[in-house]
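In order, the protein sequences belong to chains C and P. In terms of numbering that gives the first Met the number 0, the numbers along the first sequence are unbroken and rise by one, the last being 298. In terms of numbering that gives the first Met the number 0, the numbers along the second sequence are unbroken and rise by one, the last being 354.
Read the hints as simulated data drawn from the structure, not as lab findings. Remember, it's a predicted structure, so these values are computed and weren't measured experimentally. Hints are not guaranteed to be accurate.
[Said to hold, decoys possible] What the simulated footprint calls covered on chain P by chain C, stretch by stretch (three residues with Cβ under 8 Å from a Cβ of chain C suffice, anywhere in the stretch; the number is not a length): (1) 120 to 130; (2) 171 to 180; (3) 237 to 245; (4) 326 to 336.
[Said to hold, decoys possible] Okay, the calculated beta carbon distance ranges per label pair: (5) P/D258 with C/G268: 16 to 26 Å; (6) C/Q220 with P/V28: 41 to 51 Å; (7) P/T172 with C/Y260: 19 to 29 Å; (8) P/R202 with C/R292: 33 to 43 Å; (9) P/N160 with C/L9: 46 to 56 Å; (10) C/I280 with P/G218: 26 to 36 Å; (11) P/W294 with C/R292: 30 to 40 Å; (12) P/I117 with C/R285: 47 to 57 Å; (13) P/Y46 with C/R292: 53 to 63 Å; (14) C/I129 with P/W294: 14 to 24 Å.
Even for Gly, the Cβ is constructed at its ideal location relative to N, Cα and C.
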Amino acid sequence: MPEFDLQFTLFLLTNGVMIGLMYALIALGFVLIYKATDAINFAQGEFVMFAGFLAAGAAEYAHAPFWLCALLAVGGMVALGFGLERVVLRPLIGRPIIAVVMATIGLAAVLRGTAVLAFGAGTRAITMPIPDDPIPLGPVTLPPVEVVGAAVSLVFLAGFTWFFLKSRTGIAMRAVADSQQVAMAMGINVRRYFAFAWAMAGIVSALGGIVWGSMLGVDNQLALVGLKVFPVVILGGLDSVIGAVVGGLIVGIVENLAAGYFDPLVGGGTKDFVPYLLMIIVLMVRPEGIFGRRRIERV
Amino acid sequence: MFHRESGVFKTSYAADMALYPLPIARWAVAALAALFIVAAPLALGNYPLSILNLILIAVVGALGLNILVGYTGQISIGTGAFMSVGAYTAAKLVVIFHAPFWIALPAGGLMAAAVGAIVGIPSLRIKGIYLAISTLAAQLIIEWTINHVEWISGGVQASINVPRPSVFGTQLTSEWQIYLFLMFFVVLALVATLNLVRSRIGRAFIAIRDQDIAAEIIGINIFKYKLYAFAISSFFAGITGALESYYLGIANYEQFQIDVSIDYLAMVIIGGLGSVLGSVLGAIFVTLLPIATRWFLEASGGLFFAQADMLNVIPNLRLVIFGGLIIFFLVVEPEGLNRLWRNIRNYFRVWPFSY
Numbered sequence: 000m001p002e003f004d005l006q007f008t009l010f011l012l013t014n015g016v017m018i019g020l021m022y023a024l025i026a027l028g029f030v031l032i033y034k035a036t037d038a039i040n041f042a043q044g045e046f047v048m049f050a051g052f053l054a055a056g057a058a059e060y061a062h063a064p065f066w067l068c069a070l071l072a073v074g075g076m077v078a079l080g081f082g083l084e085r086v087v088l089r090p091l092i093g094r095p096i097i098a099v100v101m102a103t104i105g106l107a108a109v110l111r112g113t114a115v116l117a118f119g120a121g122t123r124a125i126t127m128p129i130p131d132d133p134i135p136l137g138p139v140t141l142p143p144v145e146v147v148g149a150a151v152s153l154v155f156l157a158g159f160t161w162f163f164l165k166s167r168t169g170i171a172m173r174a175v176a177d178s179q180q181v182a183m184a185m186g187i188n189v190r191r192y193f194a195f196a197w198a199m200a201g202i203v204s205a206l207g208g209i210v211w212g213s214m215l216g217v218d219n220q221l222a223l224v225g226l227k228v229f230p231v232v233i234l235g236g237l238d239s240v241i242g243a244v245v246g247g248l249i250v251g252i253v254e255n256l257a258a259g260y261f262d263p264l265v266g267g268g269t270k271d272f273v274p275y276l277l278m279i280i281v282l283m284v285r286p287e288g289i290f291g292r293r294r295i296e297r298v
Numbered sequence: 000m001f002h003r004e005s006g007v008f009k010t011s012y013a014a015d016m017a018l019y020p021l022p023i024a025r026w027a028v029a030a031l032a033a034l035f036i037v038a039a040p041l042a043l044g045n046y047p048l049s050i051l052n053l054i055l056i057a058v059v060g061a062l063g064l065n066i067l068v069g070y071t072g073q074i075s076i077g078t079g080a081f082m083s084v085g086a087y088t089a090a091k092l093v094v095i096f097h098a099p100f101w102i103a104l105p106a107g108g109l110m111a112a113a114v115g116a117i118v119g120i121p122s123l124r125i126k127g128i129y130l131a132i133s134t135l136a137a138q139l140i141i142e143w144t145i146n147h148v149e150w151i152s153g154g155v156q157a158s159i160n161v162p163r164p165s166v167f168g169t170q171l172t173s174e175w176q177i178y179l180f181l182m183f184f185v186v187l188a189l190v191a192t193l194n195l196v197r198s199r200i201g202r203a204f205i206a207i208r209d210q211d212i213a214a215e216i217i218g219i220n221i222f223k224y225k226l227y228a229f230a231i232s233s234f235f236a237g238i239t240g241a242l243e244s245y246y247l248g249i250a251n252y253e254q255f256q257i258d259v260s261i262d263y264l265a266m267v268i269i270g271g272l273g274s275v276l277g278s279v280l281g282a283i284f285v286t287l288l289p290i291a292t293r294w295f296l297e298a299s300g301g302l303f304f305a306q307a308d309m310l311n312v313i314p315n316l317r318l319v320i321f322g323g324l325i326i327f328f329l330v331v332e333p334e335g336l337n338r339l340w341r342n343i344r345n346y347f348r349v350w351p352f353s354y
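In isolation and in its complexed conformation, chain C is listed as follows (with noise of 0.2 Å):
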């Protein structure tokens, strides 16, 4: 193990964090939807990748400015996010989970394969209208680009908090995923709220393309941040925004940590590797997370 160096270890965690607000960010899209249709996203990441290339493909082809391409990119992942729930997500209510799960999973490949069709292979640049120069921030300096995906995740999810807790909506939301038929009964539109929340995803997804697009490059190879959702996500609690931010900061963390640390031992990898391992072992010892709801099941 490398020597215990103060610098070192303040900016693996000041990096950490901001790694985990936009993990948190994405993790956002997936609670969402959970949290108010109960079916699991396994697209996530290649939403996110889908609304990288939209952005990346407006500013190349149009070249528009770059307010125009995020807006571009909201749009469309706000129409996929309708189009999907109305085609693939709607005819499999009420259908065993694994069903689902396997249609996510298909819509992924979907995806995937459509994106590089369609836009092509190459890497794309997002170029956000923001100076380059790393921001100093007490002994360390942070890239910018991180500091702007930070912030607008901090934004969103302090948004999605006041409007699942105040709004008419987000609490009618609640009441869809504590329990359809109830909600039903209540004069509740449960369709309706199924596609706000698929539409929500979308926005969010959007977000998250655009802000790991600039970090990362977009092409089909960002679609793996998706694999990072499941750890901060069952760290934090399928169905809780908060647990969301906390599980985002955990798996930031940890693996900033593990990775600047452990990386020269074993070879590298180890990003992809520890924050799965510290999921497992919550899963062993709360399976519903931190914040989550534990569900009492009957016959």
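Could you slot chain P onto chain C? The hints should help.
This is chain P only, laid out in the frame that chain C set:
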């Protein structure tokens, strides 16, 4: 079509559960066996046989996964990892100890079964989506371990060359020899699965799938049987991995990544959950899909795409078709190809007097 059930009366439970439900089934099986074991290797050239070989390998894996997913109802996205455990175990035994296939193959299967049982342990506490995610974790962790522990993978490339197996002193070099070799294991796997699912264990699996709490109440030890399901399924997967590395002559972790797990899940879904025939049909379908896509695009893709883009188009078009078919079957025909086949058969059973 060819047979009528009239005149067949089952008077005991044993007769009802028999492997051959009707006398004619015996003849049908004999005819199929003759066709595939005798006629196919004689009549077909190397290329069709090589495709058949890939299908045979996939059939074993799909049967194993169907035991876990289709019969026991436990979702697993870790088949690829279990295959890699089997493949590397067998490859190590062959390379270091020059073990013959009849030691290396079962050893690979058993090692995979042990790993599978360990991965299955959380299934006591968690189920459904959580279990799916934990098998996904197993997939990634096993892949990482094989790739990074040099003792297993033998370096950065993480690939081990595996010589073809020898049977009765002759090394199997030609396609038809390996075809018969693989066919032996496919028949073994088919008979084993058919017998398993009508045994006490298989019934317990089905009870757990249908309602695990109810199964526990009627006295099934669900932890034990879930572990059985994981172990048996992983055993099949391990054998599949070992067979594949024997056939391809190499064990490489890239053969067993997460997309392979998804391919096998797709076979089980498209073929039909909880059906032996469905596993076979699904394996055939999913194995042929990329071959057919490539063949079609090479023949007529030039009309739509520039030749330079072809290399890019083929795998991605395959992805789109593949994902689209999974969704299509889930939405339109959840019981898969097996159900389609039953519909056809039932139509012709009373044909032409279908009243």
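Going through the numbered hints above, which ones does this structure break? Give me the numbers in ascending order.
Going through the list in order, the structure violates hints 2, 3, 7, 11, 12 and 14 and respects the others.
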